[in-house]
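Can you join these two chains into the complex? Each is in its own frame, and there are hints to help.
Taken in sequence, the protein lines are chains S and C.
Okay, so the first sequence: first residue is 1 according to the numbering used here, each after it adds one.
Okay, so the second sequence: first residue is 243 according to the numbering used here, each after it adds one.
Worth flagging that the hints you see were computed from the coordinates, not collected in a lab.
The calculated SDA-like cross-link candidates involving lysine to any residue, where the alpha carbons are at most 20 Å apart (straight line), are:
#, chain 1, residue 1, chain 2, residue 2
1, C, Lys560, S, Arg168
2, C, Lys560, S, His180
3, C, Lys281, C, Gly271
4, C, Lys383, S, Phe71
5, C, Lys560, S, Leu167
6, C, Lys560, S, Gln176
7, C, Lys560, S, Leu156
8, C, Lys560, S, Arg179
9, C, Lys560, S, Arg174
10, C, Lys560, S, Val177
11, C, Lys383, S, Val28
12, C, Lys560, S, Ile163
Here are the computed distance ranges between Cβ atoms for each label pair:
#, chain 1, residue 1, chain 2, residue 2, range
13, C, Ala261, S, Leu155, 35 to 41 Å
14, C, Arg323, S, Leu153, 45 to 51 Å
15, C, Phe247, S, Ile47, 22 to 28 Å
16, S, Thr11, C, Gly581, 45 to 51 Å
17, C, His253, S, Leu101, 42 to 48 Å
Anything over 12 Å on all C-beta distances counts as not near chain S; from chain C, calculated:
#, residue
18, Phe246
19, Arg289
20, Gly291
21, Phe298
22, Leu311
23, Met312
24, Asn347
25, Ile447
26, Ala473
27, Phe516
28, Ala517
29, Arg548
30, Gly581
Backbone N, C-alpha and C define an ideal beta-carbon position, used for all residues, glycine too.
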Amino acid sequence: MITAIAFYVFTAILLVSAAMVVTARNPVHSVLFLILAFFNAAALFLIAGAEFLAMILVIVYVGAVAVLFLFVVMMLDVDFVAMREGFQRYLPVGLAVVTVLFAELVFVLGGWKFAPAAMSAKLSSTPAGISNTAAIGRLLYTDYIFLFQAAGLVLLVAMIGAIVLTLRDRKTSRHQVIRHQNERQPGDTLEMLDVALGAGIKTLGIYRPKPAPVPELEHAHEGHGGGHAAGHGDAHHTPEVR
Amino acid sequence: MLEFFHTPLGHVIVVFAQALALLVPLLIGVAYLTLAERKVLAAIQLRRGPNVVGPFGLLQPFADALKMLMKETIIPSGANRGLFLLAPMLTFGLAMIAWAVIPVNDGWAIADINVGVLYLFAISSLGVYGVIIAGWASNSKYPFMGAMRSAAQMVSYEVSMGFVIVTVLVCVGSLNLTDIVQSQNHYWFGFIPAWHFIPLFPMFIIFFISALAETNRSPFDLPEGESEIVAGFFVEYSSMSFALFFLGEYANMILMSAMTASLFLGGWLPPFPFAPFTWLPGPLWLIVKICFLLFVFIWVRGTFPRYRYDQLMRLGWKVFLPFSLFWLVLTAGVMMAFGWLPHGV
Chain S
1 MITAIAFYVF
11 TAILLVSAAM
21 VVTARNPVHS
31 VLFLILAFFN
41 AAALFLIAGA
51 EFLAMILVIV
61 YVGAVAVLFL
71 FVVMMLDVDF
81 VAMREGFQRY
91 LPVGLAVVTV
101 LFAELVFVLG
111 GWKFAPAAMS
121 AKLSSTPAGI
131 SNTAAIGRLL
141 YTDYIFLFQA
151 AGLVLLVAMI
161 GAIVLTLRDR
171 KTSRHQVIRH
181 QNERQPGDTL
191 EMLDVALGAG
201 IKTLGIYRPK
211 PAPVPELEHA
221 HEGHGGGHAA
231 GHGDAHHTPE
241 VR
Chain C
243 MLEFFHTPLG
253 HVIVVFAQAL
263 ALLVPLLIGV
273 AYLTLAERKV
283 LAAIQLRRGP
293 NVVGPFGLLQ
303 PFADALKMLM
313 KETIIPSGAN
323 RGLFLLAPML
333 TFGLAMIAWA
343 VIPVNDGWAI
353 ADINVGVLYL
363 FAISSLGVYG
373 VIIAGWASNS
383 KYPFMGAMRS
393 AAQMVSYEVS
403 MGFVIVTVLV
413 CVGSLNLTDI
423 VQSQNHYWFG
433 FIPAWHFIPL
443 FPMFIIFFIS
453 ALAETNRSPF
463 DLPEGESEIV
473 AGFFVEYSSM
483 SFALFFLGEY
493 ANMILMSAMT
503 ASLFLGGWLP
513 PFPFAPFTWL
523 PGPLWLIVKI
533 CFLLFVFIWV
543 RGTFPRYRYD
553 QLMRLGWKVF
563 LPFSLFWLVL
573 TAGVMMAFGW
583 LPHGV
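With the rest of the complex left out, here is chain C (with noise of 0.2 Å):
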């Protein structure tokens, strides 16, 4: 039995077992943010949320997606058919396959590759694709500004996010996720944790924020600006096809919170490293971090107005490039003189 996972067939049963029990977490996941996002939202403004749909409305994500799923699929008639359905599933399949990477516990990856953050770089900077798809099938005048915006938006964004990755792998020395995590394993002075947030502070924040525009959440949600323009590039879409762009949207959060976690807050590892700390386990730790992050997505989006367009422009590139340019070399910088880089260069 155990031979025949070693076959080329058994070898790709074990890799469709096993994003089956990363997926389908992961979908749960997506349903319940969704509630948890309008439970916060709701709190901060002093409301109550869903609360109807099961116990505290814990049903509401599913009553959502079965209604979602009774709907009929409207294709506007000057639409391009093939683009316009194409757009959500590149959406919502990019938001998936970005998954094979991220190691859940040591050596619990899917795909434990030696380019792991970039891949990540890679699919999460496609996630354009869709939105720019989407805009320009839709053929209509919102879904097109929508989907501008979002084309110019995202590769402003992508540049400083480049560089902050970048700044962490002069850290670590390795392109590989599990490494990056095992690096962030050994805490100073017994307690303090060696995760790359607290040596690369601004750099968190840099990537924290530029997520945020990766993933068009508000502050930075000005291809969707419903005030603007209507709801930008999924104006036309309806039932199914909305439902994928809105999970895309949900699990492109799960994931950026799970690169974030990777990155700098030390993936599966436990604050501390004694008792109570180590007692839960490393998945349990990892989601444990998402949903902090997850947390503080929502309340950026409770807080915040929204950027104007400008204004957005000018963050990211005179503001975040130019700095995290700096951060970069500066780092590179302290860690030639003091002799701290990785391979011993």
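Next up, chain S with everything else stripped away, as it sits in the complex (with noise of 0.2 Å):
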């Protein structure tokens, strides 16, 4: 009974929001409606025993692609008014697809037939005394190897291309090279000097820049400036050891 209610709660919310995927007006609602939708299909998932697939899903597609939806989207300045502008022109086009599309499905699904080996097979799928994703394990490794090694080759070979799309080696980038910053040793730049105690370091040549002028009090803030600048310069001046 509980199963049954958890089913339709979770059903009826799967369609709400996956309306409210094409209704919503912010496309960023639209992407947070499409993650409610990937998380009630995962729980119909785990309804249906599959445990291991209502997880994957919500790794994979909510906790990896959508998060990158969201991204774009929120960087995207999307301007509604122009959206909704063509909206009755289209409209008559849209219906067409629409009413194609339906006719199909009503034709697909009218002469839907279940192979007669389908329902067994079905339920064969998960062994007795093995878990549901030792299952799919040993399926996906065995039987269907080559697809999914396939499967990963065209994931590969999309990977490759966005890359080499949008890779491009500009000249006036400076990229920083860690193994040039790891091979600096303290003495490239680094000196130890021996300091003798209450020398200072007048007695090893090391001289102070001579302090600013005090800028006058006509020129008040201008004064600020200056003071700034003779800051700067004692930066500059410091170093210049013997």
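As structure tokens, then:
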């Protein structure tokens, strides 16, 4: 009974949020409704006993894909008025497409028949005694290993394509070379001096620059800037060793 | 009476009571973690830390909480109201629900599910939504920059974290957290604990550093980077909504420590199988391990400067990802070669 209630609740939320994805005015809200839809789909997987698929759905789609969706949608500066502009003009085309799709769906679903062996195959998908995850693993890495590898290759090609399209070596940008950074030794930049107690820096021939002249009272607001410049000068002159 | 607990309603009540028994100590732990952090940081910087409210400042967290409660919740006029209020609740709620699968002792988990690790991984990867939604709903530039940084950062570090988890799973052969802890329940030569952090030491380090990045802790606290973008994604938050973010962050730290302890440090198991160590009950051992990891979290914060953004990305994608992939293949190869794989494939 509880399962049935949960099923109807999750299905209802799933359908409503899926509808909201297309009808929400704000694209960010659309993506958030999409995430809600993913969640409820994951809950339906759980009810069906496919715990591994449910978790993977949340990890991959909600945890990674939708984050990037949201990332992109938030960065875009969408003009909502311009988006609504052509609504009247495109309405007939849209309705025609919808009608054709709906008719096709009616034809397909009207003639739908289960293959006789389908139900028994469905029942044996998770053998008794091993978990859902292990069952999927055994199937995926044995009978369907080539399809699995092919899917991986397709993703790899897509990834390389995306990198090739976006990677530009700008000559003007300066990259940090970590190796150079790590190869720096303290001896390259620092000199350790042994100063006798109380001798101070004068005995080593290090001289401080003369203090900047005190600005006159009439140029009170210039005086502030002058003080700054003197401060910078200070920093420049201090490292004159010997 | 016992019959009642097997009816659906009774079952709900039992789970509710279990959740309460876990979450109340957790929230008290969060409160004292904030105090511990201030005290440890103070000790690192040769200060005293909070010591005025109560003996040794022990009542400081409650004073802070009361102060937060008394303050006014300010919602910026340009903000998206609903999402602005949703974000802190999301962060806090996610930090709480992840605890459902953490086993505090043998069989003491609220939900001892088969895919416990995946559940934890899924919930921890959702934490980024609280940050992104907060940043966007605030309708202000610093929160938005914090949110964008966080989105990129969390997605990057999740990948290597996933590989580390897979490496542990190769050694265990189960996704159930209780099974993972039980698989570490033996001792080499009778006294060296067979915890995963010994054979998988590099993975343990990578996991811990990724956990720092995942919880937005220093040195990876770029999303809030106070010296550059004020307070990052929660600039506009005040009062309880800020407190929820704060509690969520600290609860996430404890969660990540509990996860590290379960995966690598043998969860509730004592370090040595003989007398003085076995006297302490399992949950206390788990708490000891969590406290140690939390101390390291704070120690790291007190020691290292913040990473620059490009260095952070480089570390995630160019160092951790290839290395964890390599170590995964190596582990699987060694296990295969010596026939140590669980299930005897």
